[in-house]
Amino acid sequence: MTAHLDALEARSVYILREAFARLEPLGMLWSIGKDSNALLWLARKAFFGHVPFPLIQLDTEMELPEVYAFRDRLVADWDLSLKVELCPPEEAMDQTLPPATRSAARKTEGLRALLARDGYQGIIAGIRRDEQSTRAKERVFSPRRLDGSWDFRDQPPEFWDQYKTEVPDGTHVRIHPLLHWTEIDIWHYTKREGIPVVPLYFARNGKRYRSLGEKNITFPIDSDAATIDEIIRELEVTRTPERAGRAMDHEAEDSFERLRTSGYM
Amino acid sequence: MTGYSHTGPGQQLQIVVVGHVDHGKSTLIGRLLYDTDSLPDGKYEEVKAVSEKRGMPMEWSFVLDAFQAERDQAITIDTTQIWFRTAARPYVIIDAPGHREFLKNMISGAALAEAALLVVDAEEGVREQSRRHAYLLHLLGLRQVAVVVNKMDRVGYAAERFHEVKQEISAYLDSIGLTPTAIVPISARHGDNLARPSYKMSWYDGPTVLTALDGFHPISAPSDLPLRIPVQDVYKFDDRRIIAGRVESGQISVDDQIVFSPSNRIATVKSLEAWGSPQPPIRARAGQPVGITLDEQVFVERGDIISHVSSAPVLSNVFRATLFWLGHAPLAVGNRYRLKLATDEAWVTVEAIEHTIDTQTLADEDADHVDRNGVAEVILRSTEMLSLDAYRANPATGRCVLIDGYETVAGGTVSLEGYPDQRRQKGPKSENLTAVEHLLTADGRGRRNGHRGAVVWFTGLSGAGKSTLAMQVEQRLFALGMQVYVLDGDNVRRGLNRDLGFAPEDRVENIRRVGEAAALFADAGVIVITAFISPYRGDRDKAREAAAEDGFHEVYIKADLETCEQRDPKGLYRKARAGEIKEFTGISAPYEPPETAELVVDTMTHDVEASVDLIVDYIRDRLVIRNRPTAVATGR
Chain V
1 MTAHLDALEA RSVYILREAF ARLEPLGMLW SIGKDSNALL WLARKAFFGH
51 VPFPLIQLDT EMELPEVYAF RDRLVADWDL SLKVELCPPE EAMDQTLPPA
101 TRSAARKTEG LRALLARDGY QGIIAGIRRD EQSTRAKERV FSPRRLDGSW
151 DFRDQPPEFW DQYKTEVPDG THVRIHPLLH WTEIDIWHYT KREGIPVVPL
201 YFARNGKRYR SLGEKNITFP IDSDAATIDE IIRELEVTRT PERAGRAMDH
251 EAEDSFERLR TSGYM
Chain L
1 MTGYSHTGPG QQLQIVVVGH VDHGKSTLIG RLLYDTDSLP DGKYEEVKAV
51 SEKRGMPMEW SFVLDAFQAE RDQAITIDTT QIWFRTAARP YVIIDAPGHR
101 EFLKNMISGA ALAEAALLVV DAEEGVREQS RRHAYLLHLL GLRQVAVVVN
151 KMDRVGYAAE RFHEVKQEIS AYLDSIGLTP TAIVPISARH GDNLARPSYK
201 MSWYDGPTVL TALDGFHPIS APSDLPLRIP VQDVYKFDDR RIIAGRVESG
251 QISVDDQIVF SPSNRIATVK SLEAWGSPQP PIRARAGQPV GITLDEQVFV
301 ERGDIISHVS SAPVLSNVFR ATLFWLGHAP LAVGNRYRLK LATDEAWVTV
351 EAIEHTIDTQ TLADEDADHV DRNGVAEVIL RSTEMLSLDA YRANPATGRC
401 VLIDGYETVA GGTVSLEGYP DQRRQKGPKS ENLTAVEHLL TADGRGRRNG
451 HRGAVVWFTG LSGAGKSTLA MQVEQRLFAL GMQVYVLDGD NVRRGLNRDL
501 GFAPEDRVEN IRRVGEAAAL FADAGVIVIT AFISPYRGDR DKAREAAAED
551 GFHEVYIKAD LETCEQRDPK GLYRKARAGE IKEFTGISAP YEPPETAELV
601 VDTMTHDVEA SVDLIVDYIR DRLVIRNRPT AVATGR
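These protein sequence lines are chains V and L, in that order.
Taken in order, the first sequence gives residues 1 to 265; the numbers are from the working numbering.
Taken in order, the second sequence gives residues 1 to 636; the numbers are from the working numbering.
One thing to keep in mind: the hints can contain errors.
Said to hold, decoys possible - The list that follows gives simulated cross-link-like pairs (lysine-lysine, DSS-like), each with its CA atoms no further than 25 Å apart: (1) LYS236(L) with LYS45(V); (2) LYS582(L) with LYS570(L); (3) LYS166(L) with LYS200(L); (4) LYS236(L) with LYS200(L); (5) LYS83(V) with LYS270(L); (6) LYS83(V) with LYS45(V); (7) LYS45(V) with LYS191(V); (8) LYS270(L) with LYS45(V); (9) LYS43(L) with LYS207(V); (10) LYS207(V) with LYS191(V); (11) LYS83(V) with LYS215(V).
As the list claims (entries may be wrong) - Over 12 Å on every C-beta distance to chain L, these chain V residues come out as not near it, computed from the model: (12) ALA92; (13) HIS180; (14) ASN205.
Worth flagging that the hints you see were computed from the coordinates, not collected in a lab.
Beta carbons are placed, not taken as given, at the ideal position from N, Cα and C, and that holds for glycine.
So that you can see chain L by itself, here it is in the shape it has in the complex (with noise of 0.2 Å):
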């Protein structure tokens, strides 16, 4: 290129060109390169030259569409990169291909930018890609976006077309909560209200493109967020253990407490260190690289996030994200793919598509894949716990990618609504607990009760039939002489846990501390049957692990929604529908359905009695101690 140049005023901006296949994208660039005298000596000569070997008139997209094939086919294969200066400041302009088969390209270039222009053909209105590329700037996190209109000159500049496309992207665009900075009215091939206001679109007094591009603000890394830092690597070239990474947002000083997530291990920062500077920092910012010395020599590795311990992210191994989907072969739930989220790497399943995004009508729809090219809302799973934050709170650290195999197949960003902070359960807080040996042994116990103590676990969707078979199979096992308890929301509740409410933190504590009671009371040798929806698998898990050994027996009290949905004995579906219930189970939170139950009991195919018989014949199966003694044994 030629020399462009950073001094004067204004910090330079990066922006993206967008819309569908010939529109006229590359041909707006080129001419604005020319209208604003950027072109290199001979380019304009050599552009002029190439379009006259292929007998076109002057073809500005050339200047851009730099491989032979792209101009053999006329169209944009990949995304370039090109510099010019305005009076107000430098810009760098990217250039996106709008064929289909090319979106991948498309995303390439529109996630560098900080604003887009949009290019809509007068003739032919908006088009498939114009509600795609924009879709997806939005996706990506752009807002802000100018639209021009381009070949006003094949519409004979007239004002009434304008205004129907005007109206038409607006529409589309208002739809998806993108508001146009500006709407002009161009002709990208003569120059018509690019650099300069055109005299034969004397109705438009709005901005030229040139004007709308300045109207746009550089965006900086986000200081004011919490502190959020990646690690990239831990290096020790030297005597120095040096933790790197990059401020993605927040400040961090010296002397800083940090934790890492999702080892939640805390230090403090001894030094930041930097090399050729002349005194050491003391302070880093976002956007800026970092080296960190520690206090202590805690174990850190790549994909930790660094954050203050009192804004720390997320911890959680589910999460929902809105993907575009990019790999040839369809996204479909029960596949596993890598994850790459900032610097970590998970295996990930797809547990579920919640529906796929439609963007041309963006109508939510039932889907058991997902096809290149398409939007969807995913619930993906991972095998470990996962440090990450909400892509509305923090988006350097709540969008992910998805890889398959070497192919980078999926982009997304992260939703934690309805899935809990998953930190607060990773251990004891405190440290100084040592068990007590207790002198009656649960074999004692269980000789004198003829049974052994055990829970059992119920979960099911509310409506399934949980109560009203605890209950009765309660009632049948005492008669059998057994010793029986139900915990359920009525006894926790009113007591135990009375200052808890609905929210995802409040539910999971809520079923830790049933897990936990209950454990108690197998331990104490009864057999306790719990009765709670308790939506989330690796809830149920920890209350397996606070269980004794062989002690926990998952029951899944399975109903379907729409059958609980009908069922509704407390009149509580009829409220979440209408909203006056929020985080309702099956309506607007999740349900996690066994994956290993002990026992399924199908409240569709069994009667009340049916299931009560199922569940008593489980229990005395396994937990009857059958030559029960008659006398105590003497003579030891």
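Excised from the complex, chain V in its bound form (with noise of 0.2 Å):
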């Protein structure tokens, strides 16, 4: 286990560093979960205590208060350089969209703005190829076009370590240094290097959140695993996928694709 997690985490390192030396205005995204917190963590690995570029959290003000609480307390905590960017109104979303996912829409929304007003070249985010199976096919240093959007039928080869730093002004890349990485792995992971996790993963009362989102649109799963323990016990065992709890990706066949092809993380 200790050589594995190991691997992983000198892997994340290095893209974290490629995407610093390659990428200016860089940033970071952070959502507060558990995945956004072990990439925080890996970043002041990779760059021996410091985090060198901001933290920009999506906010649509729809956040659980724990969220909230945990956000302020490590931003003291750490000394971190937090951009919090308010999200447009649901109003303003693509009306076709299915409503939990037009509520996901969003973070698209409010990322595109960031990206028009500050011009960021490179965007980190904490993605993983297990969780679903469009950020399966993902590449580590993903392009977007010029509106933000992916356009995964022309992905570029990615091969040998050498990713993507080359874009037209005005577009942007996408940086996954998660994307190796599975569900479990990030909990043994959180509890070798001792990570804060936010408390609403552990289980209270029979139910516990598995992945967190936004309350209007994520729900806790029925269990009994209220440390890093038996939450690794848990998911050795579920047949129940990670993002179960998450309403925008059942709405239809392709509603996670259609968000992520306009941009979502």
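Both chains come to you apart, so use the hints to assemble them.
Below is the structure:
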């Protein structure tokens, strides 16, 4: 296990350093969930205790109160540079999207506004291949078009750790340092490193959040796992997908694909 | 995905599934997941429903082909990954598209893998992409390959057909140096020989797909090769100056003396830095990220390669590469691309396309361009010095990609055959040298001789006529009362260079010494003619640098290989062709013709006399001092 986590960590550190060396300005999306926190931890490893770029929270003001409390505590404890980007309201979204998907699309629009304003060339995001099948097809360095959208039909070749770092002005690259991690890897690593997580992941009264999203479109699962060890044991035997509690994934066969091609994380 | 676990036995292994379009790669993976009970709840039902909606029987490939467009067209567009485990160990399966158009995606997937499953359709047999994929696996450095012959149900589970296909694919793999670990007859759709032996093929007693997978070995980073750390960055976030990189091979320890290439700067490792570990590490090995501080502040930048002093990478500004070409526009001689090699970047020009390789027949073909998805051996030249290794010696620093504009257009492996390490030419070894001022000037010598001293540097293939012309020109100039001398292999190799052979490094040193000796002759007022093949442009440029400004005249004695080989005055070409002479210029070692020679003498169109006239006229024109004083000036 140790060797496995070391290998995952080494790869993420390499990716973060490549992004920092080649893309400027660079920012990191921080959703305050378990993956995001592991990513933040990896950045501090990569840069010897520093986080040399801003953290960005795409805020719909719909996160659970525990999430905001956790955020404020970590920003103070770790002396983080956080930018909170307020997302546009749901009424401004594409009305052909199903309701929960439409709600999730607010983050896409928030990100789009941020990119247009601040001209980021690189945006680091903590997605993983095992979360969802369209994410499985992602590149580590994934270029986006001018409008921020993802052209999954024509992704650049990526091999031998040579990443896409040349992009036309006005477009950006998404960097995915956690792409090769799995959900259970994240928990093993969180435990080994002692990374803080929002307490909502731990079961209370037979319920816990397996995946954290906005309160209107994310639901807790039935669980008694109240510690990381218990979560790991639960995941070893579960047959339910991680994002089962995410409403937007289940509204239509392609709802998540539509979200992602338009620029969702 | 479901709860994929790492606890339990075995180290995770990454495998890629490749093969021709429609031979059933995604189906194989979908079925494998089902048979090993690795599908999440509801996935089987979901795929079944989606299949029915499209009026198909259970379509296993939908498990992986997540994109709507892929489901609609029933082909895999991009590579994907999926996790599962056997009793032996956990796996990451990489599915790679088989369609020709998506070769770049196949490569992106395959480059991450430690082993491969090559799927071949029992009915169709070996097809274009079966061969191309196998060839690319080989080029990507993958050596563990198992073959599955799929759709055995379509051929009635017939042993004869299996053996035909087995024969066909074995022959091809053998010709590219790949030996499959197993060749398994299967039906992915029906689960035959995947997780369990199939009673329908009782004639087969080899491994199932799962046993074949469990027979592969995980690949670890090469700690036993010489140390290589490509520098990613230099950080100065606090009072430490930390050099960041990843150990690609070998090991590094505190107090090690290290050298940075290509700058050749040497320093000692003061500390290895790590955040969040209770005590700083004293050693790091292949695969680990490192932060290094040095005992002194030498200049280091991204792209440098760190090694130990005694086992440094090769320095060269020219190398041979076997490329797979992914660009939409063809690769052509003279084109410039941005090279990325480890963390270094440089501009390179395609100097030559040696040949293209037909991945179907494996035949070498002459070509002046390389089309999309083609494979070729090319020579690349950079403006700056590169530090690199031959791919065979050290893969991580022996492979590169080419960028055209914003696009990655090629990947390739490096060969340095025929090209010398240029490291030892890089500068004077002793730094305690001061020039002593001479009291006599070149002008003074020139006035007495009636001509200036100079280096007249002949270059050309063996048999082009260098020696013949040099001797005749010497005779003519001597008759004109000039100070002239020829340096050639006979008089130089007998003494000055008798310690040198004909290996690339020795050739370089041979020419370096000739250049320095010639410069001394010229400085002494002599017109010195050198008659050496001197095949490398870089070496001739160094000889030019050694000579005084305007005191170097490069004369290209030009004749093509065919002509020289016909002349073959010393019978050397015949021996080279017979393999008796190794590294023979034009046959088994490169010749780089001059780009800006002062004089070109084409001995295919000029006979000896006309050639000598040309050269003598040129020399008289440039070097004779016209108004030769009849008496020494007086009354100063």
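Against the structure, the hints come out as follows:
no. : hint                     : result
1   : LYS236(L) with LYS45(V)  : holds, 15 Å
2   : LYS582(L) with LYS570(L) : holds, 16 Å
3   : LYS166(L) with LYS200(L) : holds, 18 Å
4   : LYS236(L) with LYS200(L) : violated, 67 Å
5   : LYS83(V) with LYS270(L)  : violated, 38 Å
6   : LYS83(V) with LYS45(V)   : holds, 21 Å
7   : LYS45(V) with LYS191(V)  : holds, 16 Å
8   : LYS270(L) with LYS45(V)  : holds, 20 Å
9   : LYS43(L) with LYS207(V)  : holds, 24 Å
10  : LYS207(V) with LYS191(V) : holds, 21 Å
11  : LYS83(V) with LYS215(V)  : holds, 21 Å
12  : ALA92                    : holds, 25 Å
13  : HIS180                   : violated, 8 Å
14  : ASN205                   : holds, 23 Å
Figure legend: structure checked against the earlier numbered hints; hints not met, in rising order: 4, 5 and 13.
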